[in-house]
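First to last, the protein sequences are chains A and B. Throughout the first sequence, residue numbering follows UniProt numbering, covering 1 to 617 in sequence. Throughout the second sequence, residue numbering follows UniProt numbering, covering 1 to 376 in sequence.
Hints were generated in silico from the structure; no laboratory data involved. The structure displayed is predicted, hence computed values, not measured ones. Careful: at least some of the hints might be erroneous.
Below are the SDA-like pairs computed for lysine to any residue, each with C-alpha atoms no more than 20 Å apart in a straight line [to be verified]: (1) 9(A) to 84(B); (2) 48(A) to 252(B); (3) 237(A) to 63(A); (4) 9(A) to 252(B); (5) 137(A) to 148(A); (6) 193(B) to 236(B); (7) 48(A) to 189(B); (8) 411(A) to 346(A); (9) 9(A) to 228(B); (10) 219(B) to 237(A); (11) 193(B) to 48(A); (12) 9(A) to 191(B); (13) 48(A) to 308(B); (14) 193(B) to 20(A); (15) 48(A) to 339(B); (16) 9(A) to 150(B); (17) 411(A) to 496(A); (18) 432(A) to 410(A); (19) 217(A) to 168(A); (20) 193(B) to 431(A); (21) 9(A) to 373(B); (22) 9(A) to 310(B); (23) 48(A) to 236(B); (24) 217(A) to 150(B); (25) 237(A) to 227(B); (26) 237(A) to 236(B); (27) 9(A) to 79(B); (28) 48(A) to 228(B); (29) 217(A) to 228(B); (30) 9(A) to 219(B); (31) 219(B) to 191(A); (32) 9(A) to 227(B); (33) 431(A) to 486(A); (34) 237(A) to 228(B); (35) 193(B) to 21(A).
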Amino acid sequence: MQNHSLDNKEYERRLFQRRMLVALFVVAAMLLVLIARLFFLQIIQHEKHQALSDNNRLEVLPIAPIRGLIYDRNGELLAENLPSHTLSIVAERVDDMDALLAELRQLVELSDDQIELFYRRLNQYRRPHDPIPLKVKLSEEEIAVLAANRYFLKGVQVEAELIRQYPHGEAFAHVLGYVGRINEQELQELDPGAYAGIRFIGKQGIEREYEEVLLGKAGYQRVETNARGRILNVLDKQAPEPGANLHLQLDRALQQKAFDLLEGKRGAIVAIEPETGGILTLVSRPSFDPNLYVTGFPATLYNQLRDSPDKPFLNRATRGQYPAASTIKPFIGLGGVDGGYTTWTKTTDYKGEFQLPNDPRIYRDWKRGGHGETNLTDAIEESVDTYFYDLAYQMTLEPIHNILDQFGFGKNTTWDVYNPAVGINPTRDWKKDRHGFSWYAGDTVNLGIGQGYMLTTPTQLAIATAVMANEGTWMTPRLMLYSNDESLMDIPEKAQPDIQLNNEENWARIHHTMEEVLYGQKGTARHVAYDAPYRFAGKTGTAQVAEIQRDENGEAVDDVPDHLKDHALFIAYAPAENPKIALAVVVENGGGGSSVAAPIARELLDEYLLREPTNAE
Amino acid sequence: MLSDFVRHASRDSFSATPGFWQRIHVDFYLFLLLLVLAAGGMVVLYSASGGDWGAVTRQSVRFGVGFLAMFIVAQFDPRWYQQWSGALYLIGVAFLIAVLVVGSGAKGAQRWLVIPGVIRFQPSEIMKLAVPVMMAWYISRYGLPPRLKHILGAAILLAIPFVLILQQPDLGTSLLIAASGVFVIFLAGLSWKIIASGIVLGIGSLPLMWMFVLRDYQKTRILTLFNPESDPLGAGWNIIQSKTAIGSGGLDGKGFLLGTQSQLDFLPESHTDFIIAVLSEEFGFIGVMVLLALYVAIVIRGMVIATRGRDNFCRLLAGSITLTFFIYVFVNIGMVSGLLPVVGVPLPLVSYGGTSIVTLLTGFGILMSISTHQRV
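With the rest of the complex left out, here is chain A (with noise of 0.2 Å):
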């Protein structure tokens, strides 16, 4: 036994043993293979390597390419890039910044903003190396100036480099966007090597929503560089492929158009065209030049235009969300007469005061004393307020809820409009969510005119206005017009289901009531159409901001402080047999819907409608 397991003892030893002498072979394989390796690099190699690296370093250089353009859909560039000489510095070759900058300043004209901003960009985490810019846009001179005294400027590059221009600024800084410098956060996000070379980024708008396609293909070339980073050989080229130019549906004379008629108002305008869906016009004001994102913003216009009450960031047209107050009227009846809660040739008449059963409360029409016996056509010509309270309340919510989604109300049927918001299209749930409470009958009846819970963006409402006046035929409503990158192409022919009414004939006559709001000898905008070569068909609207003192017809009585009026609100396509355009119109706390916001909606359309055409198409 003891004998047994000594020799089982030596047995495992030599076992042991033998596997060692293996393991020592595979180690000194393994270690041949390592030796080898270096050998080729260092030995075989070496001069190559050599030569990458010591005196003459080899750089990758990228090349950027070039952004993509912006037109217009009859080929007017909205975005375009320039050349621009620009002032940096590689902070890596500056022994004392500050003795630098003051002699830079000697040379140059620098601003204490462009100063501050240098320094912000200078503390921020960037690629190593990159060259921090100083002064875009240098004159000849100062150019001249520089080239003159760059043996004493160690780190000071000028640089050739295309930059983003908007030649229409302010009118189209919402719906375009713009880009700016790639800061901080999103130089972390960002793939290095799509972006290498490349300082801007979209960051609104169009810019962001296309910036992948914008943007192009990075090339590089290698280059052989002397110690000074001169280069003195160009070994290898890649170049880059530029961005896809995108043709918008945008108009740019009816977009201009509207932007000067908000002149000193806050407020947007959407115009689409129905057929296709493409948006003409999409804007907000008060607006801000999108130029000075790509220069550099000045820090003290830039605090003051932030910290405005005016808010001129904002995208009205796409973020501002608003009651619908009266302009949903011509939806909420059309889907109340197709539903069967009314008829055409029902009448009310309530005096101006509508009460709920066994409720005290009293929903008042905007005229005192009301209209009279009104039907539906009446009530939608006159703006009858009466008339849909009690039909909201016959209706109750959901079939309201019904037809307005129909029409795209409370969500985003766009397809690249850059961060819409979707406004909001009550359900009970919705309230108890929200709110805590259930859902009352008097909510009902506040939104039979477009008061109470629901918002709509002005881009929704002109999204409702293009299929109300395609008879419930829905399309994309998009920017996108076509581009060279066919992949962009693939858009779907419409963004939610066709409408379908329990009787077509409705949409004729829903149509006539909002002829008969520009036509009729009561129509709340009869004074708008006046003298109109085409006819247009409408809806006026007043959205409540405060309870002010009012007269018989509605009007604010007294002197109201600006930020208490009404908003102006008025929908309208034309022309009306054969529509070519929808649009909305949007002005906060501008007054009565008919008064302000109509009279803008008549000049635009007199703009699309009536103008030379033009050549391009």
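Following the hints, complete the assembly by docking chain B onto the known chain A.
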């Protein structure tokens, strides 16, 4: 000299009166080699960190801690490790589970366990020692060569930490830990048939690994290895720059502190994982060969200690620690010179960084314990 080197650990030399080194349980040659390696490594680190004495000082503190741990660990008889192997293993597994639940880390990986204000460590480091100890204990219980059911048992013991570390995810470390366990089974006399079929199976499962196990960033690293020029500014940058650094060093290098690649910041991670590129650039082929010779001497010394081990447990454990150490060297140099994908393995005892130095020196402490506690 050489014969003395080999003989020192032989049983004969520990006859009646044990010498000074044996009394303090330090293997003299191993200790000497480790000291030389540490000192040389610090010279390279001084250059790689751009002449930063702070980095060198912090590194020497870590070596101090590491050598102290080595000295303490060497005092215990190997029997002690045999007894506590199961507990060590279970604690390690518990920590690994904890790290997946509450661990913290960067870039989507959870590797660190933090007890705020007390300590911050990677539980996978414990497993680098716990796995070979556990495997050596388990295999040596049943005698050599291991039978099939014990091989399967060992495979399960190995699979648990492997899968847990893979989840962090840390493919490099999990593979290295798996290797340390496989070495134990191999040294125990795993039959060649099983080894051959294992290799065939391993190669066969590569496509499956590619499709289901590897994460995107791991695939990128592998693809970059084959064609670094495909993305010269992104993923290929490290490889291109480290190959250039190594190659431009030539036979005798550019001289201490004169490597342009490393001193001009072309070489990323120059003081951690890629430090061998700094050595190669500044001291050339000759410098790397000296370093490799040091590593080989340590490995051979470890093999001698393993072969002279008093029982199966000691031999298997010492063998596994030694071979794993070599694998670290191989993987690091292979990855920096563009033979292997970049997996984040530091160069043992040279790269800047605390945990790996302490773990490695603790492992050498176990080797010294085995070498200096001969007879019960």
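Restraint check for residue 48(A) with residue 339(B), where alpha carbons must lie at most 20 Å apart: OK: residue 48(A) and residue 339(B) at ~18 Å, within 20 Å.
20 Å Cα cutoff - pair residue 193(B), residue 236(B): Roughly 40 Å between the alpha carbons, so the hint for residue 193(B) and residue 236(B) is violated.
Hinted pair residue 9(A) and residue 84(B), Cα distance within 20 Å: Answer violated: residue 9(A) to residue 84(B) is near 24 Å, above 20 Å.
Pair hint residue 193(B) and residue 21(A), alpha-carbon separation not exceeding 20 Å: holds (18 Å)
Given pair status - residue 308(B), residue 48(A), alpha carbons within 20 Å: violated (48 Å)
Residue 193(B) paired with residue 431(A) [C-alpha distance capped at 20 Å]: With a Cα-Cα distance of about 72 Å, the restraint between residue 193(B) and residue 431(A) is violated, given a limit of 20 Å.
Given pair status - residue 168(A), residue 217(A), alpha carbons within 20 Å: Given pair residue 217(A), residue 168(A) is violated - Cα atoms ~27 Å apart, limit 20 Å.
Proposed proximity, residue 227(B) with residue 9(A) (alpha carbon, max 20 Å): With a Cα-Cα distance of about 52 Å, the restraint between residue 9(A) and residue 227(B) is violated, given a limit of 20 Å.
Restraint check for residue 9(A) with residue 219(B), where alpha carbons must lie at most 20 Å apart: violated (47 Å)
Hint consistency between residue 237(A) and residue 227(B) [alpha-carbon to alpha-carbon, up to 20 Å]: The given pair, whose Cα atoms are some 18 Å apart, holds under the 20 Å limit.
Straight-line alpha-carbon gap residue 9(A) to residue 150(B), limit 20 Å: holds (19 Å)
Distance restraint between residue 237(A) and residue 63(A), which requires alpha-carbon spacing of 20 Å or less: With Cα atoms ~9 Å apart, residue 237(A) and residue 63(A) stay inside 20 Å; holds.
Comparing the model with each earlier hint shows violations of hints 1, 4, 6, 7, 8, 9, 10, 11, 13, 19, 20, 24, 30, 32 and 33; every other hint is respected.
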